[in-house]
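Student: Chain by chain, the residues:
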Amino acid sequence: MAFATESDPTANNRPVKISIKNVFKVFGERPEQALRLLSAGKTKAEIHAATGCTIGVNNASFDVLAGEIFVIMGLSGSGKSTMLRLINRLIEPTTGSIEIERRDVARMPRSELIELRRHDISMVFQSFALLPNRTVIDNAAFGLEVAGISETERKQRARAALQAVGLDGYDDSRPDQLSGGMKQRVGLARALAGEASVLLMDEAFSALDPLIRTEMQDELVRLQAEHSRTIVFVSHDLDEAIRIGDRICIMQNGEVVQVGTPDEIVLKPANDYVRSFFRNVDVSRVFRAGDVARKTQVTIIERQGVSAAAALERMEHFNRDVAIILGRDKTYHGMVSRTSLIETARDGAGHSYRRAFLPDIEPIPASESLSTVLGTVAASTFPVPVIDEANRYLGSISKSALLETLDRTA
Amino acid sequence: MTFDIGDGVDSAVNYVLDNFAPLLDLIAAAIGAVTNSIQALLLAMPMSVGLAIFVLLSLWRVGFGFAALAGLSLFLVDHMGLWSAMMETLSLVLASTLVAILIGLPLGIAMARSDRVAAIVRPVLDLMQTMPAFVYLIPAAMFFGLGAVPGTIATVIFSMPPVVRLTNLGIRQVHVEFIEAGNAFGCTALQLLCKVQLPNAMPSLMAGINQTIMLSLSMVVIASMIGAGGIGNTVLTGIQRLDVGTGFEGGLAVVILAVVLDRLTQSFGKERASPWRSLFRRQVYQPEVSTATA
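Heads up: the protein sequence lines correspond to chains L and A, in order.
Here the first sequence is numbered in the working numbering, starting from 69 and rising by one per residue.
Here the second sequence is numbered in the working numbering, starting from 211 and rising by one per residue.
Hints were generated in silico from the structure; no laboratory data involved.
Some hints could be false.
To be verified - Across the chosen pairs, the derived CB separations fall in these ranges:
no. : chain 1 : residue 1 : chain 2 : residue 2 : range
1   : A       : Ala278    : L       : His295    : 56 to 64 Å
2   : A       : Val226    : L       : Ser165    : 50 to 58 Å
3   : L       : Asp172    : A       : Gly218    : 56 to 64 Å
4   : L       : Arg104    : A       : Pro409    : 42 to 50 Å
All figures in this text were calculated on a predicted structure; none of them were measured in a lab.
The C-beta atom is built at its ideal place from N, Cα and C for all residues, glycine as well.
Just chain L, same shape as in the assembly (with noise of 0.2 Å):
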């Protein structure tokens, strides 16, 4: 059941951004001795009663291209946050190399990692971590005035930001003065303000409520839609990683389990790790109405001589109320019923089945997530039909099929 969707990053030949190899975090006082008892294959808790040290971040490997959203999923204690930071180094790596636009960032000098940090990687926290003596304007401002850049440049840089995440007016406020959604909107602008082209985003959206965090994960998508830029997300929620993440990176117990759209990891979850996230996910968020689309209904290819009279005959023969009428290019056409048709032939139009169309039919576009449709297949009388860009029809739902799936991971 594969299918292309406009978010795979891996069919149009994006550059790598970020790239991770082989990469290990060690906590504690004797990081070579772990590494080797790691490396001969002692699990991590033989690993800490021998050395004390854990083990963070376990050989973990993989590349984040330009331009997309890449999200880092994880239980606590998998190590997320972690390799997170290990990407601008706020936690330094045992071993392992960390490339940004092939400039190794474990190993680069303290001079050129603060000018790095302060150019191109921008980080945005879970709780925030808004400066509490300083106004809104101030707090956005922040990494330009360490920067260096002038009193007037930076204030108008992080006004804009401020604009561009809908926060206009708060500029003096104090961040205890404003709700946890608005604190995140001036932490982002912070991030923003000094244009780097990657983001970390630890957690960013999650001490926020329900409501609020969905307004500003759309938030970020229309951000990266308007001016794109590599977002690495930390986040727990598989929800959220499904709405926002062109790929997602599972990890568990330190290391990488499985990189993928969330259409590869949700079809095919590399192990009962990785199942266990969308146990309780919401399937119609994943789902998209092409998966579901049955070819289980009758379908006549219009065309001249074909009567209604030999459709209503075959809709007997297969015992189905409706049919789906196509074109010789397999194009949508419309949708008949047995009385439609009846009706149109005891009016002596007998050889039109486009008088037969059934008037509240509307066909549903593949790319549409089932959670969209939902309503509109419960509210139908038949089957929807489902069709692709190119009106060719591709099946259609019925209500049985999408409680069918519903249920499936249930």
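With chain L fixed as given, assemble chain A onto it according to the hints.
Tutor: What follows is chain A alone, placed relative to chain L:
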């Protein structure tokens, strides 16, 4: 077998006296300059101006009630004839606090940055705080003679520990996400200190300064024994003459000064707005709360 530590200390003090006289003179000159200029300023100020400054500060930082109380009690001090003695004491307190902050703040920052420095400095601070205050008077008088300068120096030693300790504590307690944010946006070590750590450690830092002021006030009275002057002299006269009345007047003046200084310095550590404070502060624009939508 007995160790004669006292002899050792004696010879150490003598060694310093013999070999570091120019250094001691330099220190004395520097501290003398600070103490004397503050003292000259405060003593030159007419009582009415001094009183007005105290009342206005109280009004701004604390509130109307406290301003009234401070005004009345300071007026009482003047009526006991102790105003200039109190100003002398205040100048010693201010000078020693200034010196204590100049030394203590960098020391506290160094402790916060390095566990090794902290491990070395902490027992020294314990010693400075627990050694009976009178003991400092002897070497201070030997090194620097009698008067305000050795008084200030003895006071600095006794009162410096809180500002060091609380600077260290305040910086260490700054939330790790603030530090991460500072680093993530490319702060240098100095920028991190000035823009993130110190502003966020401010309440703790101010508590340290408050404690230092309180300790120096108590020490300044003791330092009158080596001729530091101020209200301490009044108290000392009371003791020498077994004159309860004079002693009590001096004690009351110290208490009044202590209360006023304590409340004023405490107020700088917290964001407590008195009803009058808005007059002195830039208005903050508070828009009506609405959820911004895209």
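Student: If you test the structure against every hint from before, which numbers come out violated?
Tutor: When the structure is compared with the hints, none of them turns out to be violated.
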